[in-house]
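Enquirer: Protein chains in written order, with my numbering: chain S, 3 to 352; chain E, 78 to 923.
Derived by calculation from the structure, the hints in this document are not laboratory data. Since the structure is predicted, the reported quantities are computational estimates derived from the model, not experimental observations. All C-beta atoms in this analysis are idealised placements derived from N, C-alpha and C, irrespective of residue type, glycine included. Worth double-checking, as some hints may not be accurate.
List of simulated lysine-lysine pairs, DSSO-like, C-alpha gap at most 27 Å [said to hold, decoys possible]:
#1 E/K254 <-> E/K326
#2 E/K797 <-> S/K37
#3 S/K27 <-> E/K434
#4 S/K257 <-> E/K635
#5 E/K254 <-> S/K170
#6 E/K668 <-> S/K32
Here are the simulated distance ranges between beta carbons [what the hints assert, rightly or not]:
#7 E/E879 <-> S/L46: 57 to 67 Å
#8 S/E163 <-> E/H278: 50 to 60 Å
#9 S/S116 <-> E/Q875: 31 to 41 Å
#10 S/R350 <-> E/A568: 52 to 62 Å
#11 S/T117 <-> E/P597: 49 to 59 Å
#12 E/D695 <-> S/T117: 31 to 41 Å
#13 S/V286 <-> E/S137: 53 to 63 Å
#14 S/G283 <-> E/K279: 36 to 46 Å
#15 E/R172 <-> S/V286: 56 to 66 Å
#16 S/R350 <-> E/G191: 15 to 25 Å
#17 S/G291 <-> E/S537: 46 to 56 Å
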Amino acid sequence: MQYQNEQIAAAAEILKNRLPDLAVKSEILKAVELKALYDQLRLLPNDQKAAFGAEVNSLRQELSALVTDQAVAGTALPAIDITAPFDVNVAPERRPRLLPSEQGSLHPLMTELSTVLDIFYRMGFTAVESREIDDDFHMFGSLNFPENHPARDDYDTFMTEQTDAAGKSFIAPAHTSTMQHRVLKQHKQLLEQGEAIAAVIPGRVFRNEDLDARHEHTFYQLEGVYVSQGVHVGNLIATLKTFLQTYYGKTLEVKTQPFYFPFTEPSFEFALSCPFCDQAGCSVCSQAGWIELLGCGMIHPNVLREAGIDPEVYTGFAWGFGIERLVMMKYGIEDIRHFEAAKLDFLRQF
Amino acid sequence: MKISYNWIQEYLDFPLPPVADLVQTIGAQLGAVEDVIDLESVYKDVVIVKIVSCQPVADSDHLQVCLIDDGGAATAVERNEHGLVQVVCGAPNAREGLTVAWLPPGATVPSSVGKDPFVLGSRQLRGVMSNGMLASPQELAIGDSHDGILELDEQAPGTSFAVAYGLNDQIIDIENKMFTHRPDCFGILGVAREIAGILGHKFNEPDWFQTYHKQLDSPATSLPLTVRSDAPEAVPRFMAVALSGITIKPSSLQLQTYLSRVGIRPINNIVDATNYFMFLTGQPLHAYDYDKVAALSDADGAVLVARLAAPGEELTLLSGKTVTPRDGAVVIATDRQAIGLGGVMGGANTEVDANTKNIILECATFEMYGIRRTSMTHGLFSEAVTRFNKGQSPLQNDRVLLAAAQHICQHDGAMVASVVFDAVAPGLVIDRPTTNSVQLSLGFINARLGHSFTPDAVVSLLSNVGFIVQATADNTTELQIAVPFWRTDIALKEDIVEEVGRLYGFDKLPLELAVRHLSPAAKNPLLEFKTAIRTALLRSGANEVLTYSFVHGNLLAKVGQDERHAYRIKNALSPDLQYYRLSLTPSLLEKVNSNIRAGYNQFALFELGKTHSLGGPDSLTAEGVPVEDEKLALVVTADAKAAKQYEGAAYYQARTFLATLLTELQCNQAISLRPLADEPELNVYTSSYYAPGRAAAVYVAEAFVGAIGEYNEATRKSLKLPAFSAGFELDVVALQAVQATGSSYKPLPKYPKLEQDICLRVPTQVTHGQVMHVAYNSLAAFEDKHIAASVTPIDIFQRPEEPDFKQITIRISLASHDRTLTEAEVSKFMTDLADQAHQALQAERV
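Make a model of the complete structure from these sequences and hints.
Expert: Given below as structure tokens:
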């Protein structure tokens with residue numbers, strides 16, 4: 003393109019010559035030469051503004067088009083020998099290599115999950131991962147949630163357009179209990195052998211909620227299930243207390259609060275004395291001295307029956323808690339959204 | 078569910094513990110307390126006063142200067158010689174002799190508490206001193222009215238307003254969720270009963286709630302009314318009575334404050350009475366304007382029918398919204414048209430208003446699931462829905478209806494104007510105090526609570542809250558338990574176990590760990606394998622990330638994936654969550670640019686996660702749920718500056734990460750990289766983002782495990798990726814299947830190792846992999862000869878002037894376990910290797 007104005011023509015030549023040398027091509031649009039032309043435009047008498055302005059704009063458009071072209075053209079690369087360990091004519095010291103290992107990091111949620119799993123392994127629990135898409139039967143039906151029961155309102159579930167054989171939407175599970183029925187059914191022969199069903203179920207769960215610093219639509223839960231003969235409420239509370247004392251490495255107080263879940267009877271919210279201040283009051287426990295951490299209860303007889311286990315003979319308990327909460331409390335993390343944001347600023351601190 | 082401490086106390090014959098202790102008890106044995114609101118502190122300064130005189134303020138058209146008698150209650154306030162206090166008031170109803178509520182200087186306006194507290198003082202208004210203010214219902218947070226000051230019944234000046242009207246109260250807000258299965262606890266009566274029980278006291282039911290009522294005293298039949306239910310399954314019980322001679326007015330202040338304390342706006346004496354009884358018992362009531370109903374009825378007088386909605390009929394609700402009730406919804410109707418959405422919301426055209434003279438008072442029970450469906454379908458939520466969808470007992474209908482009718486007759490001068498209609502579904506027995514019956518043994522309870530309750534202890538705990546417990550004829554440990562009618566949640570033996578545990582206190586039960594076998598718990602192999610992957614990549618300097626399982630349709634489009642293969646979320650609140658992701662890589666690519674901009678010029682991100690895709694017959698498991706693929710994705714990238722340290726394609730960096738990982742995992746048997754384009758096993762729709770000619774399918778031990786490559790132009794451009802970017806995505810389960818078991822250790826040779834490089838000149842189209850393949854085959858000849866052999870790539874060289882050829886240098890290393898190898902042996906091997914390469918690949922030794 004030819005520019006009438008000499009200054010603009012000169013700037014165009016300079017800028018076009020510079021373009022090939024730029025690593026980030028779009029930087030050309032921020033060049034001082036271009037800015038100077040726009041500055042000059044403002045100072046011109048009104049009768050000259052239109053013509054000058056049109057040419058400056060044309061130049062900007064031309065550069066912008068060149069940036070796009072070059073960005074694309076620069077990427078149309080030839081085929082390479084995909085079987086080779088390195089490229090042709092590259093000296094060993096210039097070949098791409100692994101990154102320094104001190105730069106590597108593991109996600110804190112996964113690290114914590116391993117720690118938690120390890121304690122439960124030692125207590126005799128096996129582990130199975132939860133699903134990320136499931137059906138109405140496993141999420142609700144097998145867990146004693148009747149159709150249209152108001153308890154379903156407490157779970158803001160994501161549902162898919164696609165449906166299962168019964169014509170119901172698939173569901174993004176809102177709790178890891180979605181695996182409970184499978185685990186009970188799979189392991190019930192253990193009961194007949196006089197052993198217990200003892201399993202923990204870590205996994206990703208979903209709630210259709212708006213995000214804020216304390217609410218995520220995606221988070222991790224760990225479910226636990228224990229069934230045997232003569233299992234009672236005291237076993238439930240003792241098991242969770244023992245786990246928490248091991249996890250925090252200190253003696254704790256625990257307390258329960260009656261709650262309602264359709265799949266346990268009775269149901270509880272479970273709280274522990276704040277391990278960070280020993281109940282003196284701190285920011286982690288909001289000065290309460292107690293931390294409400296998990297939901298639990300004795301497995302509802304209908305849930306056992308649905309899995310083919312006789313609730314007259316066997317009883318059991320189940321619990322679930324969030325992993326994010328443990329990690330946030332441990333490190334003082336202020337915003338739950340950090341976990342799935344994939345920010346290296348965050349991740350490389352762990 | 079907000080409950081009032083004072084209101085609860087009215088129904089108990091023992092003093093409640095202090096509120097802090099009560100809250101703790103409720104928390105431990107009834108349900109989570111969300112909040113405690115101290116009303117006492119809100120109203121503590123409000124004083125009942127009498128206006129002794131009223132004079133207009135000069136230059137004002139509405140202000141009056143009032144002298145008030147506060148009985149000397151306020152301290153530190155200016156008084157005249159008679160001890161009266163001067164207040165300027167703009168209310169039109171301020172007049173001499175009126176008893177009103179006064180906020181003295183220093184008091185905070187109750188309606189401003191918790192928002193923007195407004196503290197009163199003494200100040201000049203139009204040059205006249207005014208001390209504090211005379212308060213309107215709105216300022217006192219009792220009602221909406223701000224038209225004038227609140228007029229009180231005459232009482233001694235100086236009385237505390239809070240004490241006179243029960244506002245020296247504490248409001249305890251218990252989480253509704255706790256009561257999902259407790260319809261009775263949506264009323265003060267139910268919560269009072271529970272509190273008595275957990276504090277170890279017998280609850281005494283009010284007389285009117287205890288006994289079955291058939292009719293009101295001296296029923297008149299002055300208003301013709303027909304009531305029936307045509308939908309007995311959806312409406313198990315439908316009761317109504319007409320009342321005449323109503324004067325609509327504000328209810329007594331006492332009643333208004335009951336409602337305002339629990340967050341309900343007082344409206345008029347009739348609506349307030351229905352709300353009062355709903356909050357007291359959990360049973361919703363509805364009042365219709367009789368004359369409006371009669372006018373909409375074809376028959377003589379008023380007709381009130383509960384029936385299922387007719388197709389297409391419309392109804393305008395109290396809220397002003399017009400709905401076409403869902404198929405199967407219950408409507409309340411005349412013999413002409415629907416006038417209310419049963420159990421959900423009344424209709425606009427039969428609303429009680431200022432001119433109402435006669436009413437129909439309705440008290441019914443609706444089937445809980447139907448109520449929920451109607452509420453969800455139409456997006457209508459009301460206090461009635463909250464209660465009906467928990468399953469209120471039909472046996473309380475008569476008790477509540479008659480108590481409410483009697484209240485209205487007593488307080489509002491109404492007269493009973495019809496018989497009490499009672500449409501009962503066939504089979505529903507209403508004339509009894511208990512419904513279900515549960516038989517269980519003491520052992521059943523003790524085994525599940527891990528305790529040793531005596532029969533007497535269980536009887537006492539349960540009968541305190543209305544259960545009727547009897548030992549069966551000859552056995553004191555077999556208990557027959559009759560469930561009071563309001564406990565519609567109790568049907569199973571386990572329900573009784575919960576009651577006993579809760580009323581006793583779960584935290585008082587002995588703790589004991591279960592005894593278990595010594596057999597070790599098996600670790601989950603897949604979880605262990607994933608841990609090994611994490612550890613290996615950590616060592617390679619990569620950063621583990623977690624990203625959402627759901628993606629925006631835009632992301633699929635940016636990387637060329639077809640959304641038709643993805644499970645679509647139909648109800649996500651956020652548009653970012655439209656589809657289940659088809660692969661992990663796009664989620665990682667999406668996070669590259671933001672980290673570059675955050676100042677990281679070189680990094681590798683990886684994620685382990687599940688993917689889902691719609692497709693052929695194998696896309697569902699035997700259970701009929703979508704197959705979940707376990708994936709590992711890694712993306713390595715460097716911005717233009719950092720990339721300057723490297724020469725060659727980014728592909729080779731991803732390949733280095735891959736090779737290292739596969740070796741660490743012992744998944745390195747016969748790794749083969751094949752052109753992606755020829756790959757039959759790869760889902761084309763998940764690999765749409767790879768660059769042609771610069772990506773490969775990854776095989777281990779002849780099994781397809783994933784893909785590796787650079788990204789195509791469109792993907793790089795749309796996600797603003799640096800030119801130097803590449804990565805891989807592998808199927809974790811497929812990879813685990815090819816993991817070598819056993820040791821890869823090779824004993825150290827006792828004799829010196831001989832190394833020799835060999836450079837082969839081959840046509841450009843011959844791949845490095847082909848050369849290595851020939852080398853490996855040659856080395857295989859040594860396998861049985863006690864010779865440790867290995868081959869290492871050294872260099873690939875191409876002269877610019879000879880583009881049709883390249884030279885590949887590899888290093889052969891040989892060492893024997895038995896003896897020192899001779900140069901001749903090694904040379905022979907090299908020659909053999911060169912010959913084989915020549916035959917297979919037209920290679921020339923250089």
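Enquirer: With reference to the structure, classify each hint as holding or not holding.
Expert: Results of checking the hints against the structure:
1. E/K254 <-> E/K326: Distance ~36 Å between E/K254 and E/K326 Cα, so the pair is violated.
2. E/K797 <-> S/K37: holds, 25 Å
3. S/K27 <-> E/K434: Given that 27 Å is the threshold and the Cα spacing comes to 82 Å, the pair is violated.
4. S/K257 <-> E/K635: violated, 51 Å
5. E/K254 <-> S/K170: Measuring from Cα to Cα gives roughly 26 Å; hence the hint holds.
6. E/K668 <-> S/K32: holds, 25 Å
7. E/E879 <-> S/L46: 57 to 67 Å: Given about 59 Å between the Cβ atoms, the range holds.
8. S/E163 <-> E/H278: 50 to 60 Å: This hint holds: roughly 55 Å between Cβ atoms.
9. S/S116 <-> E/Q875: 31 to 41 Å: The hinted range 31 to 41 Å is violated for S/S116 and E/Q875, with Cβ atoms some 47 Å apart.
10. S/R350 <-> E/A568: 52 to 62 Å: holds, 56 Å
11. S/T117 <-> E/P597: 49 to 59 Å: violated, 19 Å
12. E/D695 <-> S/T117: 31 to 41 Å: holds, 36 Å
13. S/V286 <-> E/S137: 53 to 63 Å: holds, 57 Å
14. S/G283 <-> E/K279: 36 to 46 Å: This hint holds: roughly 38 Å between Cβ atoms.
15. E/R172 <-> S/V286: 56 to 66 Å: At 58 Å between Cβs, range holds.
16. S/R350 <-> E/G191: 15 to 25 Å: For S/R350 and E/G191 the Cβ distance comes to about 43 Å; the hint is violated.
17. S/G291 <-> E/S537: 46 to 56 Å: With a Cβ separation near 33 Å, S/G291 and E/S537 fall outside 46 to 56 Å, so the hint is violated.
Hints 1, 3, 4, 9, 11, 16 and 17, counting from the list given before, are not met by this structure.
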